[in-house]
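I would like the entire structure built from these sequences, with the hints used as guidance.
Quick mapping for you: the protein sequence lines, in order, are chains Y and W.
According to the working numbering, the first sequence is numbered sequentially starting from 1.
According to the working numbering, the second sequence is numbered sequentially starting from 1.
Everything labelled a hint here was simulated from the structure, so no lab data went into it.
You may find that some hints are simply not true.
As the list claims (entries may be wrong) - Subject to a maximum C-alpha distance of 27 angstroms in a straight line, what follows is the list of computed DSS-like cross-link-like pairs (lysine-lysine): (1) W:Lys232 - W:Lys430; (2) W:Lys186 - W:Lys291; (3) Y:Lys82 - W:Lys427; (4) W:Lys173 - W:Lys293; (5) W:Lys293 - W:Lys187; (6) W:Lys419 - Y:Lys82.
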Amino acid sequence: MPSPPDIHRSGRKPFPTYLVVFLAPATVLYTLFMVYPLLDSLRLSLFSTPTQGGPELFVGLRNFVALLTDDLWAPRFWGALKNNFIFFAVHTLVQNPVGLLLAALVSNPRRRGAGVYRTLFFMPTMLSVVIIGFSWQLILNPLWGIASGALHAVGLGALYQPWLGHAGSALIVLALISVWQFVGIPMMLFYAALIGIPEEWVEAARVDGASSWSIFWRIKFPLILPTVGTVTVLTYVGNFNAFDLIYAVQGALAGPNFSTDLMGTFFYRTFFGFQLQLGSPTMGATVATMMFLIILVGVLLYLFAWQRRVQSYEL
Amino acid sequence: MRPLLALLLIAVLLLTGCTPATAPTAKPAEPTKAATSGETVTLTIESWRNDDLTIWQDKIIPAFNAKYPNIKVVFAPSAPTEYNAALNAKLEGGTAGDLITCRPFDVSLGLYNKGYLASLSDLPGMDNFSAVAKSAWITDDGKNAFCVPMASVIHGFIYNADAFKELGLSTPKTEAQLIAALEAIKKDGRYAPLAMGTADQWEAATMGFQNIGPNYWKGEDGRLALIAGKAKFTDADYVNVWNTLAAWKPYMPQGFEAVKYPDSQNLFTLGKAAIYPAGSWEISLFNTQAKFKMGAFSPPTKNEGDTCYISDHTDIALGMNAKSAHAAEARTFLEWMTTAEFAELYSNALPGFFTLSNHKIALTDPLAQEFLNWRGTCKSTIRNSYQILSRGEPNLENELWNVSAQVIAGTLTPDAAAKRIQDGLEKWYKP
Numbered sequence: 001m002p003s004p005p006d007i008h009r010s011g012r013k014p015f016p017t018y019l020v021v022f023l024a025p026a027t028v029l030y031t032l033f034m035v036y037p038l039l040d041s042l043r044l045s046l047f048s049t050p051t052q053g054g055p056e057l058f059v060g061l062r063n064f065v066a067l068l069t070d071d072l073w074a075p076r077f078w079g080a081l082k083n084n085f086i087f088f089a090v091h092t093l094v095q096n097p098v099g100l101l102l103a104a105l106v107s108n109p110r111r112r113g114a115g116v117y118r119t120l121f122f123m124p125t126m127l128s129v130v131i132i133g134f135s136w137q138l139i140l141n142p143l144w145g146i147a148s149g150a151l152h153a154v155g156l157g158a159l160y161q162p163w164l165g166h167a168g169s170a171l172i173v174l175a176l177i178s179v180w181q182f183v184g185i186p187m188m189l190f191y192a193a194l195i196g197i198p199e200e201w202v203e204a205a206r207v208d209g210a211s212s213w214s215i216f217w218r219i220k221f222p223l224i225l226p227t228v229g230t231v232t233v234l235t236y237v238g239n240f241n242a243f244d245l246i247y248a249v250q251g252a253l254a255g256p257n258f259s260t261d262l263m264g265t266f267f268y269r270t271f272f273g274f275q276l277q278l279g280s281p282t283m284g285a286t287v288a289t290m291m292f293l294i295i296l297v298g299v300l301l302y303l304f305a306w307q308r309r310v311q312s313y314e315l
Numbered sequence: 001m002r003p004l005l006a007l008l009l010i011a012v013l014l015l016t017g018c019t020p021a022t023a024p025t026a027k028p029a030e031p032t033k034a035a036t037s038g039e040t041v042t043l044t045i046e047s048w049r050n051d052d053l054t055i056w057q058d059k060i061i062p063a064f065n066a067k068y069p070n071i072k073v074v075f076a077p078s079a080p081t082e083y084n085a086a087l088n089a090k091l092e093g094g095t096a097g098d099l100i101t102c103r104p105f106d107v108s109l110g111l112y113n114k115g116y117l118a119s120l121s122d123l124p125g126m127d128n129f130s131a132v133a134k135s136a137w138i139t140d141d142g143k144n145a146f147c148v149p150m151a152s153v154i155h156g157f158i159y160n161a162d163a164f165k166e167l168g169l170s171t172p173k174t175e176a177q178l179i180a181a182l183e184a185i186k187k188d189g190r191y192a193p194l195a196m197g198t199a200d201q202w203e204a205a206t207m208g209f210q211n212i213g214p215n216y217w218k219g220e221d222g223r224l225a226l227i228a229g230k231a232k233f234t235d236a237d238y239v240n241v242w243n244t245l246a247a248w249k250p251y252m253p254q255g256f257e258a259v260k261y262p263d264s265q266n267l268f269t270l271g272k273a274a275i276y277p278a279g280s281w282e283i284s285l286f287n288t289q290a291k292f293k294m295g296a297f298s299p300p301t302k303n304e305g306d307t308c309y310i311s312d313h314t315d316i317a318l319g320m321n322a323k324s325a326h327a328a329e330a331r332t333f334l335e336w337m338t339t340a341e342f343a344e345l346y347s348n349a350l351p352g353f354f355t356l357s358n359h360k361i362a363l364t365d366p367l368a369q370e371f372l373n374w375r376g377t378c379k380s381t382i383r384n385s386y387q388i389l390s391r392g393e394p395n396l397e398n399e400l401w402n403v404s405a406q407v408i409a410g411t412l413t414p415d416a417a418a419k420r421i422q423d424g425l426e427k428w429y430k431p
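Following this line, the structure appears as structure tokens:
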């Protein structure tokens, strides 16, 4: 039988041209629409815009110094950063456990209607943030919202507060609305991880006399820890880019008194301007660069500190 | 189950896809070969007044087309809060419409300085406007006007006349009378005394601070004194405005901290509130929504018979995109806007937007006429944060929103508010 020409034995490997062909469209598009704008906005953050038109002037790191220390910019920046961490903390502490709980419940093969629940829990994730923001505003509205009526109906009317209007509660409420919307994503990821666990392992544990509780915590949970990490880093990136929900509910001034101001809304006001305030592209680029750096640091921390440690648990 | 689920998914996706997420954007007008040869040319108007779409389509544009049938005009508004950003992006990208609705003062001045708006100083008919009317759309040296002034809005209070009659109240002339009226309405309990919320923040500044303020700082005198550096926000004239606003709190609706602008509008037009701190631009909407008789009173003074001041704010104008492909037609339209015909048509089509031209006009809407009458009895001024004082950082207007909302909510004292505003202004403004 004549053997086909074998390139591996012919000594010299030809350059895999097809790789270039396959990679080119993605690389070109990604460079054009992601890498170039990113680098250009990093460049822009080193310039200042003269007030009325005119060219940009190179000022080095002065924008960053102003952002971090100037008593006009710094309170807004640190305030937005702090709010962002609170926003993220609420997501991590509520979204992960709730997502895990829901995933554990719907992954139980004996639960009837698990598919329906799965769809229902995932539904809000598919809706537009604007719709979510509008619906929750109506629900919590002090004049015609159902929140106060519902609380009154169970005798807890005194607990009702205009939560979105108080500086102390507005951010937490918005974070919870966001959790409500996006809890479907961790649920699905956890669900996928849970049903990927070989049934024999669970059976073996059961034969050894382990309770459902210890099966979950000693066997299933360690196996899905990498997914917890993935979900957390996805949430982190999403939260530090968050803008739409705050803008839809509280507007670009992120009231009351900037208590719901996130990096995203801060960036919007700085870059595009707001009402009589004119936008500043260069200062906006500075804020955007800070957002980029914060997200970068978070992702690197995840890669080096978390992902390496949990590797040993991987299936 | 599967196909059902897929169908449901598709339905949801379609639904979310169909929501009006974006306001209609203006198409750049197609270039024409020869507009003079009787071919139809299309002009596009950029505006933030999406409430006015039908009025432009049904009244203003047909009236213009009766004279100039060959110039088609498309009114293409975007959402008010997005207008500045959207317009800037369109101008930079070269896709903006031919006619640009101008915000007053620096926003438009910035556009002119960047070369996006054409100078209109030589436009025939510009002399129908007083210097004050043109002041919001002119270079600092007063030489180049770049927008045709369209209208001002006047602040005051609209009240539910039926409710006032029912409760035996008369329109308040002094502040003490206003508080007494609010107290009486509150005691009766059937109506929310004052329909206003602070969730959007701007109402607290625009319908609160700038509405009642001119009586304290004596209109233009106080406003110009601030610009000249002779007055400070920490002066009693300004602190007392916030003191009065703080006294409104007990009369605001329950949970007002989370009540938004449309909520307070609805509260009033549904007949559940008695007094609404208003801008005259509410009139046309209220006319279509409210089923009761409405009246208006000007911001009350300290003592009866004091000179009264009203915020008669230069609000809206129309300029020309300097890069418009149809400059001649756009100028024709702008020239038509300086005529008495347009002044009368516009002020009547949009009750609550009062022409800034010198033409004598009569209004058919009684509520709008009431507002307009105050021009005869009170002295006019404009909002004090608009000219020059909002040029720097922190932005005075945005700061006023923030502190006024906080003063009403009781989380900031009037003195602290005044100090914050003055400190912020001094940071960049040296008169």
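So, going through the hints one by one against the coordinates:
1. W:Lys232 - W:Lys430: Distance of about 12 angstroms is within 27 angstroms: holds.
2. W:Lys186 - W:Lys291: Roughly 22 angstroms between the alpha carbons, so the hint for W:Lys186 and W:Lys291 holds.
3. Y:Lys82 - W:Lys427: holds (25 angstroms)
4. W:Lys173 - W:Lys293: holds (20 angstroms)
5. W:Lys293 - W:Lys187: holds (22 angstroms)
6. W:Lys419 - Y:Lys82: holds (25 angstroms)
Of the numbered hints given earlier, the model fails none.
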